[in-house]
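All chains should be modelled from the sequences, with the hints used to inform the complete structure.
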Amino acid sequence: MAVTTTQQNASAGATEDLLGMAQWAVEQAGTSAQYVQAYAERTVEVRVECLDGEVLATCVEPREGLACMVLQDGRWRHRAFSVAELPSLPRWLGAEGTPAAGEALAWPEPHATGFTPVSPQDWLVQGAAPAHSLRTMEDFTTRAIAVVDTAGVRASGHSRFVRRRVEATVESGGNRYRGLNRWLERGPLAGGAERDAVPQDVARVAVEHAHDSARAELGGRHRTPVVFAPSAAVALLHELVGHALEGDNFAMQSDYIAELRRPGALPASLTMYDDATLPDGYGSYDIDDEGIAGTTTVLVSQGELGDPLSSVRTARRHDYRPTGNGRRRDYRALPLPRASNTVVPRGTEDPAVLLAPSSDGLLHVGCLGAGMINLRSGEFHFAALNCTYITPDGHRVPVRDVSLVGDALETLARVEGTGSDFGGDSVTCGKQGQMLGIGLFSPSMRYSALDWSAA
Amino acid sequence: MKTLQRKADQAFAAADSVQTALLPGESAAVFLERSARRRLVCDAAGKKQLLVEEPAFSGFVRLEHEGRELYLNASRLTASSAARLLATGRPLFSLGSPAADGGRPNAHPPARPAGAGAWCTTGDRLDMGAAASRTGALMAAVGSALRPGQVVAGIHVSDILREAVYLDSPGTRLEDQAYGVEITAVVVGEDGSAMVSATRYARTLDDIDPEELGRELALLHMASAAGGQPYTGTSVVLTPSATAALLRALANTVLLNPVVGPAALATSLVDEGPRTDGYGARSFDCEGTTTGTVEFIGRDGRQHTLASRRTTLAGHERRVPAPLTGHAWWNPLKNFPLMTANNVSLTRTAGTTADGLLADERCVVTDARTLGVEEFRSGGQLAFRLLAARATDGVPRAAHTALTVEGSAVDFLTSITQVGDTVSYFPGQISAGGAYLEMDLTRITSKAIGS
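Line order of the protein sequences matches chains A and B.
Sequential numbering of the first sequence, starting at 1, is according to the numbering used here.
Sequential numbering of the second sequence, starting at 1, is according to the numbering used here.
What the hints contain is simulated information worked out from the structure, not anything from laboratory work.
Even glycine gets a Cβ: it sits at the ideal position worked out from N, Cα and C.
All the pointers check out, no bait thrown in.
Heads up, incomplete: computed chain A residues facing chain B, CB under 10 Å, no partners named:
id : residue
1  : Val46
2  : Val48
3  : Cys50
4  : Thr58
5  : Ser82
6  : Gly173
7  : Arg176
8  : Asp330
9  : His381
10 : Ala383
11 : Arg400
12 : Ser403
13 : Met435
Shown next, in the form of structure tokens:
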């Protein structure tokens, strides 16, 4: 048996052939399996990196192949097949007999992406302070998937988005200071010549952040009230609560998650949900990577825990409600229960009032950076970016390289205000080596006290 | 029993297929690598399981045409998929960049003459059957260094074969085989609580000292206990695992923010690509450049130049264009080879031994967790949360509360006062050598401000 390719146009309807491939794969399984799922994917990622108005490098990454997940005799098996490996799929699935010689699988040809990157010169900031360097990274993705399983799922989807990141660097006193900003477009027109923001404006914000970092003078360890800006607020909750409510983690025997499940562990003011249906969310989808329609799932309602996010495997294993949150980086990876977009609804308090400093001052966090939570103990540490310290008498002082450290349950008990503002962001989140895009949407939120340090 | 076999011929076949599929006027460089592993898992009851990972080769193709170039991320590249990869990339070639200058001189002599075959770290191979019969003795040796209330919950014995090939249109053809053995021991409290683990890597199983590993685990388990008294002194000793974590973060930071304001150091930070007992042993980097031994940061505190085709990282030696130094690293999530270090370690200070550093009562740091990721820190500052225990002659007595330290890379390097021998290299994107070392925290202790 050979794999041949068929010419394919680039329309969103071009997933029929992938559905055919997934259907073919399921049909190769013997009748003894309790469940078979086939996932076919054709993705092209184009990444363009520029430095100071010149293209530095461009990388193209095609990801195309098929993955099978089988439940047989109570055991799960998973294997990914690149296009070249597809002929070995029937044997792996235990198909009886040998496919007829010359029988061809029609895997679609690569198609035109229609991607038009920002002209490198268009990033350059006119009139900005001198002595800065600008690195831009434009990540364009067009992704078509299809899923067929023995439980009746037969679904396909197509998505197209471009995420642009800007890193500005300024030098001061021989040291380099960075400022970051990003911009997401998604939908059928994403990556085309028409754009919903001006590149130079996005870059200008990064340059301003870099200059703020260079001006920062405050160091040391502090304990003050902390206000997280819109989207930074939900970024913290995504880490402290959202990950704990992923089905596989939720089933874990851990002191932290056991405490989180205890009634009253979360403040009654807290509501958050997972919403795959937002039109502008980085993590939005029509179907998840197991063919289940994306939906809205309540994670916390007025302090009460809702449903854990589930994949097919975790739903079957732990008897969870299917929520359509089985996500994978690509066909090579196992689908895991993951967030789509984490959302905290708008509150009622004036954001300006939330920023009132205490006698120790107040830290305002513009963006949450990388870090981690230990889901066994609840101990966390995160980097914070674009931070400002507000002195007890109201002066604003930029601070850089902020680290937030603490215990999740103690921290959650200190939520003391939710703003009436609202904002969103696009981030990448890692779990078991799979980096995925997640949307974050929330108002500002104030905590009465957090431990932080600045360098 | 299944053994780890050389499969570089598959990678060469894929790379040759790329060359065959080129159109007139095109040229290409191909880098492919894989890391295969056998892991024998043995629990405290002696139950054993062998797990084998045999991943496919992955890497990149750099396609060049008329002075421009495009990187193609080549996951699971095979001879039959090479032409398809090029066909996907060609329509996007107009988005590529001007080709980098690849004709610069190499800073290091070739690891071997052209056509001399693969560079190998060792010809030895672990007899896993024999190793399986030694697991009880290994666990006993680890356990002999533990304290009352601490028990060995299991041990993993692994061997790892990392293969890499580089092939380009002008005819360069390189192959590396880096092989080594790893032991990971797991220790818990008698009630099954507070699980900790530590690892050692070497060319052969006999090169690993399980009692020394047990000594570190005893300290690590004690330091992981809840509560404890604050440490009010300024001098601490780091275990090999903590040192490796510190070095990895330091190396990552100075690769992004080269050192300025040099200061005299008690030790120097060296990088040795061809070090055969290093986890990151390699004779060439992903651009086919020979690796070598480089004094990354000298005792004078100056950072020396590293260079790849697209990046010159200049500390105080501002030589541009600099000779290529063999420090290019392919990260499939990035767009072109980035700068890395291969096997970093600190040079030993004269007369320093692990036993000497641990003598008498010491505060021993067993875990150095970086707070935040270097890539997201705006100014090259580092912060760590240190887990530590009070110990007498290396024997743990009680946990200390966690310490927070912060400062620049130079602040951390100047705080190191004594360094023992490198005990083992530790895995990670940058392989880091772990040694017992002493630090004076005066410059890097985080000061509490406010309430």
